[in-house]
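Number of protein chains: 4
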Amino acid sequence: MSKGRVEAFSDGVFAVAATLLIFNVQLDKTAPGGLFAALLAAWPKYAAYVASFLTIGVMWMNHHGLFERLSRIDRALQFINLLLLMAIVFLPFSTAQLGSNIGVPSDANTAAGLYALNALVIAFGFSAVWIYALTHPRLLSPDVDRQAALRTWPRFAVGTVVYLACIPLGQLSPIAVVIVCAALAVYYVFERLPDITHQPAAGARR
Amino acid sequence: MSKGRVEAFSDGVFAVAATLLIFNVQLDKTAPGGLFAALLAAWPKYAAYVASFLTIGVMWMNHHGLFERLSRIDRALQFINLLLLMAIVFLPFSTAQLGSNIGVPSDANTAAGLYALNALVIAFGFSAVWIYALTHPRLLSPDVDRQAALRTWPRFAVGTVVYLACIPLGQLSPIAVVIVCAALAVYYVFERLPDITHQPAAGARR
Amino acid sequence: MSKGRVEAFSDGVFAVAATLLIFNVQLDKTAPGGLFAALLAAWPKYAAYVASFLTIGVMWMNHHGLFERLSRIDRALQFINLLLLMAIVFLPFSTAQLGSNIGVPSDANTAAGLYALNALVIAFGFSAVWIYALTHPRLLSPDVDRQAALRTWPRFAVGTVVYLACIPLGQLSPIAVVIVCAALAVYYVFERLPDITHQPAAGARR
Amino acid sequence: MSKGRVEAFSDGVFAVAATLLIFNVQLDKTAPGGLFAALLAAWPKYAAYVASFLTIGVMWMNHHGLFERLSRIDRALQFINLLLLMAIVFLPFSTAQLGSNIGVPSDANTAAGLYALNALVIAFGFSAVWIYALTHPRLLSPDVDRQAALRTWPRFAVGTVVYLACIPLGQLSPIAVVIVCAALAVYYVFERLPDITHQPAAGARR
Chain P
1 MSKGRVEAFS
11 DGVFAVAATL
21 LIFNVQLDKT
31 APGGLFAALL
41 AAWPKYAAYV
51 ASFLTIGVMW
61 MNHHGLFERL
71 SRIDRALQFI
81 NLLLLMAIVF
91 LPFSTAQLGS
101 NIGVPSDANT
111 AAGLYALNAL
121 VIAFGFSAVW
131 IYALTHPRLL
141 SPDVDRQAAL
151 RTWPRFAVGT
161 VVYLACIPLG
171 QLSPIAVVIV
181 CAALAVYYVF
191 ERLPDITHQP
201 AAGARR
Chain A
1 MSKGRVEAFS
11 DGVFAVAATL
21 LIFNVQLDKT
31 APGGLFAALL
41 AAWPKYAAYV
51 ASFLTIGVMW
61 MNHHGLFERL
71 SRIDRALQFI
81 NLLLLMAIVF
91 LPFSTAQLGS
101 NIGVPSDANT
111 AAGLYALNAL
121 VIAFGFSAVW
131 IYALTHPRLL
141 SPDVDRQAAL
151 RTWPRFAVGT
161 VVYLACIPLG
171 QLSPIAVVIV
181 CAALAVYYVF
191 ERLPDITHQP
201 AAGARR
Chain V
1 MSKGRVEAFS
11 DGVFAVAATL
21 LIFNVQLDKT
31 APGGLFAALL
41 AAWPKYAAYV
51 ASFLTIGVMW
61 MNHHGLFERL
71 SRIDRALQFI
81 NLLLLMAIVF
91 LPFSTAQLGS
101 NIGVPSDANT
111 AAGLYALNAL
121 VIAFGFSAVW
131 IYALTHPRLL
141 SPDVDRQAAL
151 RTWPRFAVGT
161 VVYLACIPLG
171 QLSPIAVVIV
181 CAALAVYYVF
191 ERLPDITHQP
201 AAGARR
Chain F
1 MSKGRVEAFS
11 DGVFAVAATL
21 LIFNVQLDKT
31 APGGLFAALL
41 AAWPKYAAYV
51 ASFLTIGVMW
61 MNHHGLFERL
71 SRIDRALQFI
81 NLLLLMAIVF
91 LPFSTAQLGS
101 NIGVPSDANT
111 AAGLYALNAL
121 VIAFGFSAVW
131 IYALTHPRLL
141 SPDVDRQAAL
151 RTWPRFAVGT
161 VVYLACIPLG
171 QLSPIAVVIV
181 CAALAVYYVF
191 ERLPDITHQP
201 AAGARR
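Protein chains in written order, with my numbering: chain P, 1 to 206; chain A, 1 to 206; chain V, 1 to 206; chain F, 1 to 206.
Hints listed in this document are in silico derivations from the structure and should not be mistaken for laboratory results.
Among these hints, one or two may not hold up.
Stated by the list, open to error - Here are some chain V residues pointing at chain A (derived, C-beta under 10 Å):
id, residue
1, F14
2, L27
3, A76
4, Q78
To be verified - Subject to a maximum C-alpha distance of 30 Å in a straight line, what follows is the list of computed DSSO-like cross-link-like pairs (lysine-lysine):
id, chain 1, residue 1, chain 2, residue 2
5, V, K29, F, K3
6, F, K29, A, K29
7, V, K29, P, K3
8, P, K3, F, K3
9, V, K3, A, K29
The C-beta atom is built at its ideal place from N, Cα and C for all residues, glycine as well.
Produce the complete structure using the sequences and hints provided.
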C-alpha cells in the first residue's frame with residue numbers, strides 16, 4: 001500500500017479525534033441566569049480540552065516526522081500504526097473523565113491516572129512504530145542514518161518517561177498531570193525527532 | 001469519476017466511522033469515589049471498541065487492496081461501494097449495542113447476533129465489489145490475472161463464512177463473537193488478497 | 001483558490017455528514033430482554049438512515065460531476081457552494097426528526113415535510129451552482145458545450161420537481177417520502193448529468 | 001513538514017468542526033402533535049447554526065488565502081496554526097450556548113459575549129499567523145510584496161475590530177451579535193486578503 005494512503009487515513013483520524021474533544025466541553029443545565037457561573041465552573045473541561053488538543057496536534061506533527069523518514073510501509077507496520085491510532089482515538093474518552101472528575105476529590109486521582117496511562121500507551125505506540133522501522137531498514141528512507149537514529153533514542157523517549165511519571169503524579173496532584181501533558185506537547189513542538197540523515201561533514205546540522 | 005476521488009471519500013468515511021466508535025465508550029454516572037469501579041465495569045465497551053476499531057481499520061486496508069486492483073470505476077461500482085460504506089457506518093451502532101448489552105444475559109445473544117449480521121453484510125459488500133469488478137474486466141487494472149483471481153476466491157471468502165458462523169455462535173457465547181471478530185481482523189492483516197498479477201514464471205510470488 | 005481545495009473540503013463535509021447519520025439510529029432504553037423488540041421497533045430509523053445515506057452519497061457523486069465540468073472557481077461560487085454544504089449538513093437533523101416521528105401519527109406529516117423541504121433546498125443549491133457556472137463561462141471547463149448544457153436542463157431539474165412534490169406528499173403518506181427520496185437517489189446513480197462536451201460528430205455519445 | 005500536510009490536517013479540522021455544528025440543532029422532547037411548534041421555536045438554533053457555519057466556512061476560505069502566500073512552514077508556525085485551530089474547534093461549543101440561551105433573557109448577554117470572545121480569539125489567531133509570516137520572510141512565497149502586505153493591514157484587521165465591538169454589543173442586543181457575525185462572514189467572502197504580489201506597474205490590480 002502506498003505511504004500516502006496510510007498518511008491520509010491517519011490524518012483523518014487525528015483531525016476527527018482532535019475535533020471531537022469539543023464534545024467533552026459541556027455545561028450542566030443551569031437555572032436561568034446561571035450561565036456565567038456555569039461557564040466559569042467548567043474550567044477543568046477547558047483545561048482538559050487544551051491539554052488534549054495540543055497533545056493530539058503535536059502527536060500529529062510527530063507522526064508525520066516519523067513517516068517522512070520511511071520510504072515504504074508493510075502490512076505489519078500498518079497494523080502497528082492502527083494500534084497507535086486506536087490509542088489516540090481513546091484520548092477523548094480519557095479527556096472526558098479528566099474534565100468531569102478533576103473537581104471531584106475522590107475521583108480526580110483515578111481520572112488523572114487513566115489519562116496518563118492513555119498517553120503512555122500512545123508513547124509506546126510511537127516507539128513501536130519507530131523500533132519496527134529501525135529493525136526493518138528496507139522500510140527506511142535511504143537518507144536516514146540508522147546509527148545516528150539509534151544514538152538519539154534517549155531524547156525521543158522522553159515522552160514515555162514523563163507520561164510514566166505522570167501515573168504516580170496523578171495520585172498527588174491531578175491538575176499537575178494536565179499541566180505536565182500540555183507542557184510536554186509544547187516541548188515536543190520544538191524538540192523534534194533529531195536530524196538523522198547522513199551528514200556530509202561531522203556535526204553539520206540542517 | 002476519477003478513482004482517487006472515490007478513494008478519498010471512502011477514506012474519510014472509514015476514518016470518521018472508526019473515530020466515532022469512541023462515543024460508545026461511556027460511563028454511567030457514578031457516585032463520588034465510584035470512578036475506578038465504573039472504569040473496570042466498562043470492560044465490555046473497551047472490548048467492543050477494540051474489536052470494531054480493528055475491524056474497520058483492517059477493512060480499510062483491504063478496501064485499498066481491492067481498489068488498487070481497479071483501473072476505472074463506473075457508476076454502478078460507485079453505487080455498490082456506497083452500499084458497502086453504508087454497512088460500515090452502521091458498525092458503530094452495532095458496537096454500541098454489543099458494548100451495552102454483553103453484560104445483560106437476556107440481551108447479549110441478540111446484540112452479538114446483530115453485530116455478526118452487520119459484519120456479514122459488510123463482507124457481502126466487499127464480495128459484491130469484487131465480483132462486479134471481475135465480471136467487468138475493463139474496470140480491472142491491466143496487470144490483474146482474472147483466472148488467478150477466480151482461483152483465489154476461497155481464501156478471500158473466509159471472512160464471509162466466519163461472520164456467518166458467528167450468528168449462531170452469538171447464541172452460545174456472545175463474548176466469543178467479539179474475540180472471533182477481533183481475531184479475524186488480525187488474521188486479515190497478514191492474509192491479504194492474494195497476488196493475482198500476471199506472473200512471468202509459474203509459482204513466482206512477489 | 002485551487003479547485004482541488006474546494007473539492008477536498010466539500011468531500012470532507014459530505015463524508016462526515018453521511019457518517020454522522022448513524023447517531024440518529026439509537027434505541028430507547030429497554031428493560032432486560034427487550035433488545036430484540038427494540039431493534040425491530042426502530043425500523044423507521046433504519047429507513048431514514050438508508051434514505052439519507054444514499055441521498056448524501058449520490059449528491060456527493062453529482063457534486064463531483066458538476067465540479068468536473070468547471071475549470072476555475074471564484075469567490076462567489078465558493079460562497080454558493082458553502083450555502084449548498086450548509087443545507088446538506090442540515091440533513092442529519094431532518095433525518096433525525098423523520099426517524100423519531102414517522103411512527104407518531106400527529107407529527108409524521110410535519111417531519112416528512114421538513115425532510116422534503118431540506119432536500120428541496122439542497123436541489124436549489126445544486127441548481128444555483130450550475131446556473132452560476134453556466135452564466136460565467138470563464139469558469140467552465142473548455143470542453144463543455146454551453147448550448148448542450150442548457151438543452152439538458154429539464155433532465156437535471158427532475159430532483160427539484162420531485163422534492164417539491166414530496167412536500168404535499170408528506171401530508172398524505174410520510175413513509176412515501178422516505179421511499180421516494182431513496183428511489184430518487186438510486187435514479188440519480190444512473191441518470192447522471194448528461195454529456196455536454198463538444199462532440200466531434202452530431203449525436204456521438206461517449 | 002510539507003505545506004500540503006498542514007493544509008490537509010487543517011481542512012479536516014475545518015470540515016469536521018463545521019459539520020458538528022448540526023449537533024447543536026436539537027429539539028426538546030415534545031408531546032405528540034407538538035413537532036411543528038417545536039420546529040418553529042428552535043429558530044435561535046438555526047440562526048446560530050447559519051452564523052457559525054458561514055463563519056467557519058469563510059474562515060476556511062481565508063485560511064487558504066493565507067497559506068497560499070506561504071512557501072514554507074516551520075515548527076513555530078505549525079504551533080500557531082494549532083492554536084488557531086483549537087480556537088476554531090471551540091466555536092461549536094460557543095454556538096451551542098448561543099442557540100440555547102438567546103431566548104433566555106438573563107443569559108443571552110453572557111452567551112453572546114462568549115460567542116464574540118471566541119470569534120475574537122480566532123481573529124487574533126489569524127493575525128498571529130500573518131504577523132509571524134511577515135516577520136519571517138523566508139516563509140513567504142517569493143511573489144509576496146512585504147511592503148504592500150503591511151500597508152493593507154487595516155483592511156485585514158477589520159474582523160478583529162468588529163468582533164471586539166461585539167462583546168459590548170452582546171450586552172445590548174444578543175441577536176445583533178448573531179446578525180453581525182453572519183454579515184461579517186458574507187463581507188469576508190468578497191473583501192478578501194488584498195493582492196500583495198509584486199506588481200509590474202504601480203496601481204495595477206489583478
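Tested hints:
Taken as an interface hint, V:F14 checks out: its beta carbon lies about 7 Å from the nearest beta carbon of chain A, inside 10 Å. Interface restraint check: V:L27 against chain A, minimum CB-CB distance 7 Å, threshold 10 Å, status holds. At a threshold of 10 Å, the smallest CB-CB gap from V:A76 to chain A is about 24 Å, leaving the interface hint violated. A cut of 10 Å between beta carbons decides the hint on V:Q78: the least distance to chain A is about 19 Å, and the hint is violated.
This hinted pair does not check out: V:K29 and F:K3 have alpha carbons roughly 48 Å apart, beyond 30 Å. For a cut-off of 30 Å, the pair hint linking F:K29 to A:K29 stands: about 22 Å separates their Cα positions. Our distance criterion of 30 Å between C-alpha atoms is broken by V:K29 and P:K3, whose separation comes to about 44 Å. Restraint check: the Cα-Cα separation between P:K3 and F:K3 comes to about 17 Å, which is no more than 30 Å; the hinted pair holds.
Proximity of V:K3 to A:K29 is assessed by CA-CA distance (about 48 Å); at most 30 Å being required, the pair is judged violated.
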